[in-house]
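Chains as they are written, first to last, in my numbering: chain A, 145 to 424; chain B, 2 to 209.
Under 10 angstroms between C-beta atoms, here's a sample of chain A residues computed to sit facing chain B:
(1) Leu-193
(2) Gly-222
(3) Glu-232
(4) Cys-233
(5) Leu-234
(6) Gln-238
(7) His-289
(8) Leu-295
For the record, the hints were derived by calculation from the structure and aren't laboratory data. Note that the structure is predicted; figures quoted are calculated from it, not measured. Where is the CB? At the ideal position from N, CA and C, for every residue including glycine.
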Amino acid sequence: MNALELKKVSKSFSGFYLDNISLTLPSGCIMGLIGENGAGKSTTIKLILDMLHKDGGTITILGKDNEKDISLTKEDVGVVMDDIGMPECLTAKQIGKVMKHTFRNWNEDEYDRLLQKLSLPDNKPFKDFSRGMKMKLGIAVALSHGAKLLLLDEPTSGLDPVVRDEVVDMFYDFTRDENHSILISSHIVSDLERLCDYVAFLHKGKLLLCEEKDELLSEYGIIHCTVEQLSALDKSSVKYKKETPYGAEVIVSRKDAPDGFKLSPISIEELFVFMVKEAK
Amino acid sequence: MKGLLLKDWYMMKKYCRYYLFVSIGFIILSMMSSGNMFFIFYPCLLSGMIPVNLLGYDERSRFTEYVGTLPYTKTQIVSAKYLIGLFTQIAMLTVICIVQGVKMGIEGNFILKEFLVLMMLLLIMASVASSLTLPFVFKYGVEKGRGAYYVMIGVVCAGSIIATTVFKEGLQNEIQLNAVLPIACLVGIGIYVLSWYLSVVFYKKKEM
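Required output: the full structure, derived from the provided sequences and hints.
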């Protein structure tokens, strides 16, 4: 079963159009939704949760249509929003009590364990937390009710590198169970590069690609050459290119790579930047 | 819905102490004044406005968005605020009930029917206050919904003047009271239910 299926999902606001997004997240996998600010990442997550009403298309979460009994489906979905959104005057302890009466499968011991692991004080009001602490509390709540799917909107932003590493490890642990899946959005591509099995690039509401990360990395390579060498290359082998006064960088498909050039491995970040610039 | 009510209870304890102090002040004033209904209407009005203020804090902390990720239906989210409003109004009414009962007893003019009429009017007035405001707040948000709040203040002030007149003159006419009270009760309940229904409809259409 797929954890998530979006088929031709569209949504328009004034000045923004999410253009027929289709993507599939298989169970047990982590998908990174990569895009600049305003690309449509949060909109996509809100559409999945039916917090925004889609204009067209279908969305299935854990095998269920997202417009049917979505509140029941949300029992199995852990969400961390970019703004977190916890009530400001509540302490972590009080939030735990509220969640105990919110989720049927709330695990109080797991929540307490995570608060300790993430060094979160349980009697300090949420408004006095730093951005990183707020994010960690959001993650602790999302991981304490037996969710099968995590929807994480920029969960690592505001975290220092050590905590970020810790949090990424927690997400790894979560997907050890083959029924657990994660859709994680970020514009910090390096985090997602470490974590994800699948990557989806969003740019101005359009899905540029959605592929398995390892396949993508093995499919493309990068050539560093001069501008003259670039103009001599067979255009059909050039996927994306960037010219500077000092030379050119060209992304090519490995199977169509021209002879006589050193083909370097490409990173997801490089590929994303190239694709976005090309799309502009 | 229990989780939402608990969250609102924690928030009330933190943010609504001011209402408690003001209400106590007004109740004390009501004991010292004779015949001015405003001093007992106003605490009821304040208690009716607590759900709107809680929604304001929810908006500020972006809980209005976060709640969309939790396993609650939109009907439950709206209903929680109406229930909180009802609880606070009943609690306030109970306090006023005791104070006014004691006051009437001390002054030697305790008449059960008159007392019940007064309490009924208070409950209706308080529930009408939140009934008129909440649908606007659920549709337009707290900032824009404040317009409705000011209209409602005017309505309640006018209502308290009318109620005072009815109370003074109408009590002497039992037939008139017997007819007006049940109708007023039904209208109050009707407005509250209609308000809840409209809020649910508006909120279901609203995007988070």
